[in-house]
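Asker: These are the residues of each chain, in order.
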Amino acid sequence: MPALNSGDTAWVLASAALVMLMTPGLAFFYGGMVRSKSVLNMLMMNFICLGVVTVLWALYGFSLSFAPDTGSGLIGGLDYVGLKDTVAQLAGFAVAANPDAGVAEVPWPGPDALPILAFVMFQLMFAVITVALISGAIADRTRFWAWTAFTAVWVTVVYFPVAHWVFSFDGFIKSDSGGGWIANADQLGALDFAGGTAVHINAGAAALALCLILGRRKGWPKERMRPHNIPFVLLGASLLWFGWYGFNAGSALAASDLAAVAFTNTTVATATAIIGWLLVEQFRDGKPTTLGAASGAVAGLVAVTPAAGYVGPLGAMAIGLIAGVICSLAVALKFRFGFDDSLDVVAIHLIGGIVGTLLIGFFGTTSVNALSVDGVFYGGDFGQLGKQAIAAGSVMLYSFVLTLIIGLLIKYTIKFRVTEEAEVDSIDEALHAESGYDFSTLGGSGGGTGGSIGAPSTTKVPATAGKEG
Amino acid sequence: MRLVTAIIKPFALDEVKAALETMGQQGMTVSEVRGYGRQKGHTEVYRGADYVVDFVAKVKVEVAVDDLAVDKVVDAIVQAAGSGKIGDGKVWVTPVEAAVRVRTGERGSDAL
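Protein sequences, first through last, are from chains A and B.
The letter at position 415 of the first sequence is residue 415 when you use our numbering, and the numbering goes up by one with no holes.
The letter at position 29 of the second sequence is residue 29 when you use our numbering, and the numbering goes up by one with no holes.
If you are wondering where the hints come from, they were derived from the structure by calculation, not from laboratory data.
A portion of the hints provided could be inaccurate.
[Stated by the list, open to error] Calculated lysine to any residue pairs in the SDA-like style (CA-CA distance at most 25 Å, straight line): (1) A:Lys287 <-> B:Ala49; (2) A:Lys287 <-> B:Thr43; (3) A:Lys222 <-> B:Val52; (4) A:Lys222 <-> B:Gln39; (5) B:Lys85 <-> B:Gln26; (6) A:Lys222 <-> B:Ile7; (7) A:Lys218 <-> A:Glu423; (8) B:Lys40 <-> A:Trp220.
All values derive from a computational prediction rather than experimental measurement.
Produce the complete structure using the sequences and hints provided.
Answerer: Spelled out as structure tokens, the structure:
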């Protein structure tokens with residue numbers, strides 16, 4: 001049996017750390033978009049996911065997602081509860097003999113064998129950020145502990161099963177283990193390289209359900225909620241982009257040519273998505289905005305996620321451009337239909353995830369990856385597109401319905417929403433007894449006042465000002 | 001004694017301060033304020049949604065001056081802060097009944 005591959009192990013561990021950074025990055029991306037009086041609450045809704053999801057993942061989440069299938073490809077077993085039997089254990093793929101290419105058979109776990117725990121940590125970070133993504137839809141109005149309870153229940157009944165469907169491959173965790181129904185060719189066989197369905201469609205559908213259950217922020221849409229710190233938003237988007245290399249290129253699970261392909265696709269798709277989003281703004285609003293550039297980058301990253309290891313660079317550029325344009329236009333949906341998806345999780349993650357997942361059916365090519373499928377533009381038929389649509393639709397429907405049920409349960413038991421008084425005054429003060437900013441020398445609550453007047457505070461009086469002659 | 005109050009554009013503050021220092025006027029109090037006059041507000045766009053900012057950031061300068069210096073001080077501020085464009089600001093003068101220097105207890109014009 002081969003020993004672990006140290007190069008691959010190093011890359012997967014480094015990728016896990018990169019993906020970890022995405023959740024704080026997301027916190028700043030979201031935090032900059034809310035009003036100054038609720039910035040801490042927004043950061044906390046994201047950061048708590050690192051706490052709650054990590055504990056559940058170690059206790060039973062990894063097992064439900066990746067232990068050998070218990071039948072039908074719906075959920076994993078309990079073999080790894082409490083991470084038992086994971087130390088000094090390897091995972092990987094056996095390699096079938098291919099005499100034409102001069103490849104000899106390599107027994108399980110194959111040449112890219114990883115310690116199971118490296119894979120446990122890598123996949124943990126996916127679970128953490130998936131839940132965190134949802135929080136943007138219900139910004140400014142959610143009780144902290146109710147949200148925390150939601151994260152625990154949601155990962156358990158929605159994320160862990162869906163991760164099993166999409167990410168658990170036959171024969172990976174053990175030589176004879178079964179995987180999920182979406183991933184494996186003996187069942188559906190849809191392609192999702194790094195989580196367009198399990199992460200983005202999943203979180204986006206949940207976001208839509210939750211913002212319907214919580215209802216609109218007071219005053220929305222008549223009163224527009226102005227983002228309080230656009231530099232935070234761009235900083236957060238940049239951290240997301242950086243971390244996304246772990247997310248996508250790390251999903252090759254090897255320091256390999258495929259990882260480099262995914263890295264390249266991630267980069268070029270993000271580039272075209274920025275341009276696409278800004279062009280829409282230029283034509284529609286007359287000005288390209290910083291928020292638009294940051295949003296376009298994230299939309300591109302989302303859309304290329306499922307496709308990163310299955311398309312070529314030109315295909316990735318097309319996917320990014322299409323996502324940048326469509327996601328930008330999709331922001332209008334919430335005004336059209338009146339749901340207060342506060343930070344556009346639906347427009348960017350649900351729509352972006354669908355765009356990327358479906359476009360594999362057009363741009364997929366076996367020239368970059370033998371496990372890919374030739375899409376419509378590469379001499380293939382519409383068969384794969386159909387599979388992609390089934391995968392996207394199934395995850396969306398499952399997540400939306402289950403999230404509605406969980407959300408209603410929380411709403412009518414422990415209450416989901418803060419009091420109107422807390423929402424109007426400052427959710428940071430009411431829930432966390434803190435304020436994000438204190439620019440006042442009088443020691444008052446700087447958090448509330450900055451946003452309430454609603455004008456820019458870009459002016460800085462020089463340091464000498466105010467000092468008497 | 002008079003209190004000269006000027007609402008000016010934030011970036012004009014340094015020039016106003018320099019102008020007053022040049023003419024020997026000692027001391028001023030400034031504060032960051034928001035408001036609108038004929039300039040009105042402006043419109044910002046976030047993900048395609050318009051956001052009207054009604055109150056524009058301005059700096060308020062307050063200078064207590066002797067009666068004789070009022071016109072010179074007002075002229076200096078107007079000249080330093082003026083760009084000829086809408087939104088330059090306003091200056092007004094109000095009477096001051098009494099003034100005390102906290103450190104010494106001096107009163108009236110001596111306290112300025």
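Asker: Hint by hint, where does the structure go against what was stated? Just the numbers, ascending.
Answerer: Result: hints 5 and 6 break, sorted rising.
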